[in-house]
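> Given the coordinates of chain A, assemble chain B onto it according to the supplied hints.
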Amino acid sequence: MSSIDLAADSTLDVFRSRRRQMTLVLLAIAVVVGASSVLTQFSYRTAAISVPKAVGWLVTNIIPDGKALEKLPQIVSKLLQTIVVSVMATVFATVFAFAFAILGSNTTRPHPAFSLAARAVGSLFRNIPVVAWAMVLLMSFGQSQLTGLLALFFATFGFLVRSFLETIDETSRSSVEALHAAGASWLQTVFQAVLPSVLPQVLSWMLYMVETNIRDATLVGILTGTGIGFTFDLYYNALNYRAAGLVVVSLVVVVLLIENVSNLIRRVIL
Amino acid sequence: MQSKDRKEASVSAQRPVLEVHHLSKSYGDVTAMSDVNLHVGTGELVALIGPSGAGKSTLLRCINRMIDASSGEVVFEDVDVQRLGRQDLRRVRTKIGMIFQHYNLVYRLTVIENVLHGRLGYMRGLGGIVGRYSELDKARAVEIIRRLGLLEQIYKRCDALSGGQKQRVGIARALIQDPQIILCDEPIASLDPSTAKVIMDYLRTISAELGIAVLVSLHQVDVAVKYADRILGMNAGRIVFDGAPAALTRDTIYEIYDKDAGELVLD
Numbered sequence: 162m163s164s165i166d167l168a169a170d171s172t173l174d175v176f177r178s179r180r181r182q183m184t185l186v187l188l189a190i191a192v193v194v195g196a197s198s199v200l201t202q203f204s205y206r207t208a209a210i211s212v213p214k215a216v217g218w219l220v221t222n223i224i225p226d227g228k229a230l231e232k233l234p235q236i237v238s239k240l241l242q243t244i245v246v247s248v249m250a251t252v253f254a255t256v257f258a259f260a261f262a263i264l265g266s267n268t269t270r271p272h273p274a275f276s277l278a279a280r281a282v283g284s285l286f287r288n289i290p291v292v293a294w295a296m297v298l299l300m301s302f303g304q305s306q307l308t309g310l311l312a313l314f315f316a317t318f319g320f321l322v323r324s325f326l327e328t329i330d331e332t333s334r335s336s337v338e339a340l341h342a343a344g345a346s347w348l349q350t351v352f353q354a355v356l357p358s359v360l361p362q363v364l365s366w367m368l369y370m371v372e373t374n375i376r377d378a379t380l381v382g383i384l385t386g387t388g389i390g391f392t393f394d395l396y397y398n399a400l401n402y403r404a405a406g407l408v409v410v411s412l413v414v415v416v417l418l419i420e421n422v423s424n425l426i427r428r429v430i431l
Numbered sequence: 293m294q295s296k297d298r299k300e301a302s303v304s305a306q307r308p309v310l311e312v313h314h315l316s317k318s319y320g321d322v323t324a325m326s327d328v329n330l331h332v333g334t335g336e337l338v339a340l341i342g343p344s345g346a347g348k349s350t351l352l353r354c355i356n357r358m359i360d361a362s363s364g365e366v367v368f369e370d371v372d373v374q375r376l377g378r379q380d381l382r383r384v385r386t387k388i389g390m391i392f393q394h395y396n397l398v399y400r401l402t403v404i405e406n407v408l409h410g411r412l413g414y415m416r417g418l419g420g421i422v423g424r425y426s427e428l429d430k431a432r433a434v435e436i437i438r439r440l441g442l443l444e445q446i447y448k449r450c451d452a453l454s455g456g457q458k459q460r461v462g463i464a465r466a467l468i469q470d471p472q473i474i475l476c477d478e479p480i481a482s483l484d485p486s487t488a489k490v491i492m493d494y495l496r497t498i499s500a501e502l503g504i505a506v507l508v509s510l511h512q513v514d515v516a517v518k519y520a521d522r523i524l525g526m527n528a529g530r531i532v533f534d535g536a537p538a539a540l541t542r543d544t545i546y547e548i549y550d551k552d553a554g555e556l557v558l559d
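The listed protein sequences correspond, in order, to chains A and B.
Numbers 162 to 431, taken from the numbering used here, label the letters of the first sequence in order.
Numbers 293 to 559, taken from the numbering used here, label the letters of the second sequence in order.
Calculated from the structure, these hints are not laboratory results.
Quick caveat: nothing in here was measured; it's all calculated off a predicted structure.
C-beta atoms are modelled at their ideal positions from N, C-alpha and C, and glycine is treated no differently.
Do not rely on the hints blindly, as some may be mistaken.
Unchecked claim - From the structure, some residues in chain B lie toward chain A, with a derived Cβ separation under 7 Å:
id, residue
1, M358
2, S362
3, M390
4, N396
5, I421
So that you can see chain A by itself, here it is in the shape it has in the complex (with noise of 0.2 Å):
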């Protein structure tokens, strides 16, 4: 009976803990978000008065019309060359980070150096955001595609090489040690075992960054002056908002778009 009792108290108190620990943390956020408006001056009321003024506004001026309609063939042409540079840029950053994943990986690594070597590449050109790559590469290549692509390539190659590196290792860890076991030769284990098993996995992650690419594209395409970013830039600084404002329409139905495609490839793969 003693006992029962016992065990129902600590119950309590791992409750009781609990609620303090929320307690603690709810008090926080609010001390930072408080602290964080005093040092910015940052004023509710003003913000909550223009929030449907800006809304009006954007109604009134960017909402595309006749006029902007007559860039789209203009707008589709820079969208294209978009979505080419970003699918190029991701494919040639797959085959690169799959080999450097294989070479990596703790499961197919041909030396425990190499592991080292492949995750310390893969972090450093992950930990770059794409826009400072973009920044560094205008220095040497100048405002061009190759600038843009160069700068998605390098981001997209470091996402990748974590991304397969834990693909590897989570799904093909056993059936590599069986393939050594029965006496196969490295490459016939990474063609054989590590290859059926990722792609998949692969395949998807490439979709998603293709996805990423899109959007970040346009970002790149503002500081290299190509492709879409640079249409939307260019018709914004011509105070042109309603055919920047179809440049936003075109682009989130191309980002839905593909979205779409790659979700059906994946059901399709997976």
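What follows is chain B alone, placed relative to chain A:
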């Protein structure tokens, strides 16, 4: 029973397929296995029992050098496996099949593709990399799959199979290697009793009819007693018992499993 006695006599008359002398493995200060000596004869089914962490998996993996032992020797086909270079090790591994607790198949591939992986060790060059198996290998794969009762599943992907079927694919993959010995690492630990019986019956048949030596680590003492020609008991990295199932007494079980756990094992 009579046939078993006859086989034991023939086994002792022959030279063992596998001999292990003074084999030890340590990771830094931790000793996983120390001074292990054993031998397995042609067509002999030897069960390796012992509590978790006793070093059963380490021992099996040191035999085909999936793990490199710290000292000692593993003699297989008159050579010390410890000293082989990469190419010779590959050749030796083709003669040593291995079966795993978690099957270790490529689940996105079909049954026959997984079985044919057992032939990769014999293949050189591009053919092995892209998986161009000879017609003879394919015919043998079909025959082995048929013998293991998987003919209906032959073109099914392995992730669609039950646990028992997956393990039979694992056995088929080992058999197509033409091995002299098959190492089995807890082959029935993830299976229900009736499926486990099917798998153990296959292992029994493989050793008795095909003359392939089988070294199998097991959790269940009763299964070991029922199926094995000989039992090895392992505790804390050492072989503490090596003898016929009949010689396994209450005391030796206590020694293998420690006193408290031993009582549970005997129930």
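> Look at each hint and say if it fits the structure.
Hint check:
1. M358: Check passed: Cβ of M358 (chain B) comes within 6 Å of chain A, closer than 7 Å.
2. S362: Not OK, violated: S362 (chain B) not within 7 Å of chain A, min 18 Å.
3. M390: holds, 4 Å
4. N396: Holds, because the Cβ-Cβ distance from N396 (chain B) to chain A comes to roughly 4 Å (cut-off 7 Å).
5. I421: holds, 5 Å
This entry does not satisfy hint 2, going by the numbered hints stated previously; all others are met.
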